[in-house]
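Protein chains in written order, with the working numbering: chain Y, 1 to 220; chain E, 1 to 466.
By construction, these hints were calculated from the structure, which means they are not laboratory data. Incorrect hints may appear among the rest.
As the list claims (entries may be wrong) - Distance condition first, Cα-Cα at most 30 Å in a straight line; then the derived DSS-like pairs of lysine-lysine:
| id | chain 1 | residue 1 | chain 2 | residue 2 |
| --- | --- | --- | --- | --- |
| 1 | Y | Lys144 | E | Lys32 |
| 2 | Y | Lys144 | Y | Lys129 |
| 3 | E | Lys47 | E | Lys32 |
| 4 | E | Lys10 | E | Lys443 |
| 5 | Y | Lys73 | E | Lys48 |
| 6 | E | Lys190 | Y | Lys14 |
As the list claims (entries may be wrong) - Computed footprint of chain E on chain Y, listed as stretches where at least three residues anywhere in the stretch have a Cβ under 8 Å from a Cβ of chain E:
| id | stretch |
| --- | --- |
| 7 | 143-150 |
| 8 | 158-166 |
| 9 | 185-197 |
Yeah, the Cβ is synthetic: ideal placement off N, Cα and C, and Gly gets one too.
Here's the letter readout for the chains.
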Amino acid sequence: MNEARNAILARLNKQINTGNSKRDQLISTQTKALNTKQTFDQLTEKLKENRAEVYRVSSKNWIDTLTQIALEKKLNTWLIGGNLRTIEQAGKALTEASPEISLVHYSQSYESLKKTLFHEIDASVTLAKAAIADTGTLILIPDKNEPRMMSLVPPVHVVILKEQDVVGSFQQLVDHPPWSIQNMPSNIVFISSPSKTADIQQTLAYGAHGPKNLIVLILS
Amino acid sequence: MPTNFAIRIKQALADPELRANFRGAMDFLRNKRQVAFSNEDEWQALKKQGAAIRQDAIQRLPELLTQLEHQCLNNGIQVHWAQDDQEANTIILEIAQQHQAKLVIKGKSMATEEIELNNFLDKHNIECIESDMGEYIVQLDNEKPSHIIMPAIHKNTPQIADLFERKLGISTPKGDVDALIGVGRTILRKKFEQADIGISGVNFAIADTGTLCLVENEGNGRLSTTAPPVHIALMGIEKVIPNIKALPTLQKLLTRSATGQHITSYLNLISSPRKSDELDGPKEVHLVLLDNGRAKISQDQQLQSTLSCIRCGACMNHCPVYTRIGGHAYGSTYPGPIGQILTPQLKGIEQEGELLDACSLNGACGEACPVEIDLPELIRTLRHRRQAASQKQWSLEKMVWFIWLQIHQYPRLYRLTTKLAALFRTLKLNKPANWTKTRTTPKPAKLSLHQQMKIRSKIRDENENE
């Protein structure tokens, strides 16, 4: 194995640089800063364009909105993460809203929860760490409280986003990332729409492998 | 004697359904891209930036790759180096065997196509299932992708419905794409649940944090790299970038050029396997760094920019030849303009040089390239080298150019030739050649240009003298 490594690096080191390096062109592009309202409007517009459902909610009514969504769409089995006060509140409200609604806590390993995850869940609710306005993108950082599969396997995925966590562009996000560069999270996911494909004759179809519905609650 | 390439081209051109499928798809993708880059200033600035990032990375490959390796190891990702397809296949097989793997689920990866991994694992009784919808369709029909971004672009909806009925015994309502995707989803979800190993490609690898970046719409890339207990990522060594600050520009260029999307549904950044307190994600992540001829390309100043490619497919979408003959005719993993320059370099110009003929040097690919690879120039360079390396001392082409040179060197000879051409203009010399089969044969004028000019100036002189 080391043999291959050394051989490849030796070959690469034989490279003679052309001298006409374009390195001086590596200036980061400046994006125009928008005010909060414009940023928010842009985010909403882009998310909707990409077939996400967006609700603007307040700290008072967000739980009502969530339970309403659950009742209207008949989403009965909810997957929720652990140890997060916001999510626990939501879970409690959901079960109180209808006797048909039940919760599955993602508090054991994927292997032991696999069957349930793939076959019994109607919807999940998770928090977003940040969002990018100009592409309508939610940034999720899965961890022990909200594992990776939560935003992937359930057919309906609800995301709660705080308004102050929205930035203008991808470039702005990576200039001040909401994660540690020294100690990178094992997984960071950017989500911009429900799962989709156009692999059959360029015809757009939603719900390819991941969630068929993406619902965003923006908390102001 | 016609070569295999020529035969495949003929077959493709004679298939009206295939041609309609490609025409439709290419028009669709070109329009989408054009809308996404409707701001000309932004497009120019972005591609300049993208080209600079890629060129800089290629020139610093040894440094960036060792940094990537170091960071990945720190993060708990195991790193392997493979000089060629055989080494890469063996590394992957050994990992699979260590885990007694029977079923592999794959995210979309052209690098695994390049090393023909599915075939190799199949021979060792390990089943590989493609999970990208397009790849799944292609695999179901025992075919290879005909496009690097949209693998099943050569098939239309009725053909796919027919395929599902034949191979899976499942019939769907006529023309119902959602139903077809639903079938794929149901079947593949079972596979995600059962798979022992997930294999993916890598769109960009970030050196300073040891992060693998995967860009996709379907979610199959995320599932392939999350559900199975082991994830193996295969990447060409050229795909490394220095840091995450370089990512936004490249992401914009990639997705807009490929499908006209400002961003894909998912952008997945993987930096480590499941941590001890986490509940899901693969317990092992392996990164296989594949050379397979790339390091050699980096040594060649004229051809080095081949490695800047971010595999967006815009060059094939804009290529008039690709649009007409489709991806399969090329017979190579990478079709279209990028395939024409990459394949001869990876596999040898003697074996694959013929691909270079399928180009009219119209320049569309070079204009569409989001990282400013001068594809037409690279095609010319490689054509030149192929000709220079040719064993034949006196090919027909060389002979023709020799005669051409003589005629244009000596004015008398030139005049004589044009006079003769005019004199014998009515002679039908040509047997139907490829060019004249579908076009009118050009006929020399009655008088050569020189003769006509002489007459004109004579008339003018006479007029002035009057």
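Distance restraint between Y:Lys73 and E:Lys48, which requires alpha-carbon spacing of 30 Å or less: Roughly 48 Å separates the two Cα atoms, so the pair is violated.
Count the residues of the stretch 158-166 of chain Y whose Cβ falls closer than 8 Å to any Cβ of chain E, and tell me whether that reaches three. As far as the stretch 158-166 of chain Y goes, the hint is violated, because 0 residues have Cβ atoms under 8 Å from chain E.
For the stretch 185-197 of chain Y, do at least 3 residues have a Cβ located nearer than 8 Å to some Cβ of chain E? holds (count 13)
Quickly compare the C-alpha distance for E:Lys190 and Y:Lys14 to 30 Å and report which way the hint goes. Since the Cα atoms of E:Lys190 and Y:Lys14 sit roughly 48 Å apart, the hinted pair is violated (cutoff 30 Å).
Between E:Lys47 and E:Lys32, does the CA-CA distance stay at or below 30 Å? 17 Å, holds
Quickly compare the C-alpha distance for E:Lys10 and E:Lys443 to 30 Å and report which way the hint goes. 28 Å, holds
Quick one, are Y:Lys144 and Y:Lys129 close enough, alpha carbons at most 30 Å? 15 Å, holds
Next pair to validate is Y:Lys144 with E:Lys32; report whether the Cα-Cα distance is within 30 Å. 40 Å, violated
Taking 8 Å as the Cβ threshold, is the statement that the stretch 143-150 of chain Y is covered by chain E upheld or broken by the three-residue rule? holds (count 5)
The structure fails hints 1, 5, 6, 8 (numbered hints given earlier, in ascending order).
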